[in-house]
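Single-letter residue listing:
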Amino acid sequence: ELKVEQNPLFLSMQEGKNYTIYCNYSTTSDRLYWYRQDPGKSLESLFVLLSNGAVKQEGRLMASLDTKARLSTLHITAAVHDLSATYFCAVDIGYGGSQGNLIFGKGTKLSVKP
Amino acid sequence: DTGVSQDPRHKITKRGQNVTFRCDPISEHNRLYWYRQTLGQGPEFLTYFQNEAQLEKSRLLSDRFSAERPKGSFSTLEIQRTEQGDSAMYLCASSQTPGNTIYFGEGSWLTVV
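If you read the protein sequences in the order shown, they are chains A and B.
Each residue of the first sequence is one higher than the one before, starting from 1 at the first, in my numbering.
Each residue of the second sequence is one higher than the one before, starting from 115 at the first, in my numbering.
In isolation and in its complexed conformation, chain A is listed as follows (with noise of 0.2 Å):
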């Protein structure tokens, strides 16, 4: 069976303070992304990675992954309230022409608190 876990589910952290959110996968896969969603709003794009050992930095939010752990990760360095919103992480299970087919994550909910 397909599974991409992400954890925490839950995440309450103070402004300031660095965490990490973990995204495992159980399938072979050559590209994953981060999405952040607000509540109520659609899904936007933070990062694509398409190869192992990718690392993307776009201000406090730095994206890596390792496919032969099949793992990825999210970092949050000194983190602000705007952050504040769920994110998922995909595994693209297609290959070649057929790229597109995203398993997600059930989400991360992130709370920065003051």
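Simulated from the structure, these hints should not be mistaken for lab results.
Certain hints may be false.
With a straight-line cut-off of 30 Å between C-alpha atoms, the simulated DSSO-like cross-links for lysine-lysine are [as the list claims (entries may be wrong)]:
(1) A:K68 <-> B:K171
(2) A:K41 <-> B:K128
(3) A:K41 <-> B:K185
(4) A:K68 <-> A:K56
(5) B:K185 <-> A:K3
(6) A:K106 <-> B:K185
(7) A:K109 <-> A:K68
(8) A:K17 <-> A:K113
Pair by pair, the computed Cβ-Cβ distance ranges are [claimed, not checked]:
(9) A:S12 <-> B:S180: 40 to 46 Å
(10) A:T28 <-> B:Q131: 28 to 34 Å
(11) B:R129 <-> A:H81: 37 to 43 Å
The beta carbon of each residue, even a glycine, is placed where N, CA and C say it ideally should be.
Knowing the structure of chain A, use the given hints to seat chain B on it.
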């Protein structure tokens, strides 16, 4: 670039009625996807098109669901004989080439009463 556009944004329908959602992808994006998301869950893949060809369908897409992209531009998703279990947000997404960033629309919320 106006983003992926979906219509209607909200739809309330009685059980047994048919509903249709429309999606306009980002201009020149040849890939178009449909996903479904229920409260507290991640989106689930339904189907995708490469231009006008429907290349993959999830087993979640029962016979009551049909999607089209007749001219390789906009797409429609029709649900026939709606059931309460169909209540969800239906998300459309598009990308320019396989493997590139997939951009999601704002979604169409369906409530079946």
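Quick rundown of the hints versus the structure:
Distance restraint check for A:K68 and B:K171: the Cα-Cα separation of roughly 29 Å lies within the 30 Å cut-off, and the hinted pair is therefore satisfied. For the hint linking A:K41 to B:K128, the alpha-carbon distance of about 24 Å falls within 30 Å, and the restraint holds. Under the criterion of a C-alpha separation no larger than 30 Å, the hint pairing A:K41 with B:K185 is consistent with the structure, at around 28 Å. Among the hinted pairs, A:K68 with A:K56 is consistent with the structure: their alpha-carbon atoms are about 18 Å apart, no more than 30 Å.
Restraint check for B:K185 and A:K3: the C-alpha separation of about 35 Å exceeds 30 Å, so the hint is violated. Annotation: proposed proximity of A:K106 to B:K185 is violated, straight-line Cα distance about 34 Å (limit 30 Å). About 27 Å separates the Cα atoms of A:K109 and A:K68, which keeps this hinted pair within 30 Å; it holds. A hinted pair counts as satisfied when its Cα atoms are at most 30 Å apart, and A:K17 with A:K113 qualifies at roughly 10 Å.
Taken as a hint, the range 40 to 46 Å holds for the pair A:S12 and B:S180, whose Cβ atoms sit roughly 43 Å apart. For the pair A:T28 and B:Q131, the beta carbons lie near 42 Å from each other, so the given range of 28 to 34 Å is not met. Between B:R129 and A:H81 the Cβ separation comes to about 41 Å, which falls inside the hinted range of 37 to 43 Å.
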